[in-house]
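Please model the entire structure based on the sequences and the hints provided.
Here is how the chains run, residue by residue.
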Amino acid sequence: GDSVTQMEGPVTLSEEAFLTINCTYTATGYPSLFWYVQYPGEGLQLLLKATKADDKGSNKGFEATYRKETTSFHLEKGSVQVSDSAVYFCALTPTGNQFYFGTGTSLTVIP
Amino acid sequence: GAVVSQHPSWVICKSGTSVKIECRSLDFQATTMFWYRQFPKQSLMLMATSNEGSKATYEQGVEKDKFLINHASLTLSTLTVTSAHPEDSSFYICSARGGGGLTSTDTQYFGPGTRLTVL
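The listed protein sequences derive, respectively, from chains A and B. All residue numbers for the first sequence refer to the working numbering, where the first residue is 1 and numbers rise by one. All residue numbers for the second sequence refer to the working numbering, where the first residue is 1 and numbers rise by one.
I should point out that these hints are in silico values taken from the structure, not numbers from a laboratory. Please note that the accuracy of each hint is not assured.
[Stated by the list, open to error] Part of the chain A face toward chain B, derived, beta carbon under 8 Å:
#1 P40
#2 G43
#3 T51
#4 F101
[Said to hold, decoys possible] Some chain B residues flagged as far from chain A (calculated, every beta-carbon gap over 10 Å):
#5 R24
#6 S89
#7 G101
All values reported here derive from a predicted model rather than from experimental measurement. Using N, Cα and C, we set each Cβ at its ideal position, and we do this for glycine too.
Now the structure itself:
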């Protein structure tokens, strides 16, 4: 069945460091891929998405590229800030009706 | 655009009482809404999928008589936790699937969550 495997955390980085959070998926067909971010005590916010192979989603300095050959959708940011501290979820949907989430990766950025 | 609200954001109740949580899509119509439960430091657990005008589809292991879901309109779904007990204490999050137009039909838009504490 469809699934998402996400890099386990927690991840701790210094401010301005480079961030990568790995995400790989298993799916039949061509799912849409997402990264959501959850700040403490809040719901999930859509960070970025990509709907087909080689698409790059980007938002707020974060990027992720839909790689079908490696079934991956890794999240990257060149220079993290303290305000990026949150939990990040990778997700996929084959049709829009069923969504599959990774386990979440906690990121802490220290000044 | 694509704003989903939840009410209340925080509720404390006594054991045995019922609690209703509302989920509203404020600026779009949502045929499908989802209810999740999240335990501390864990991922989301899908409880049920709610389609407007029809019965909700519950995930395996979720008691439908305990977690009543109603999706009476294209902008409102409610989750009622009946006869709540301390083990029902959790963070409940709803989401709405985009309905087209300015929202994407392959994207879920999440509410801010409701923290339920049962004493």
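Outcome of the hint check:
no. : hint : result
1   : P40  : 11 Å, violated
2   : G43  : 4 Å, holds
3   : T51  : 7 Å, holds
4   : F101 : 6 Å, holds
5   : R24  : 13 Å, holds
6   : S89  : 15 Å, holds
7   : G101 : 14 Å, holds
In this structure, only the earlier hint numbered 1 is contradicted, and the remaining ones agree with it.
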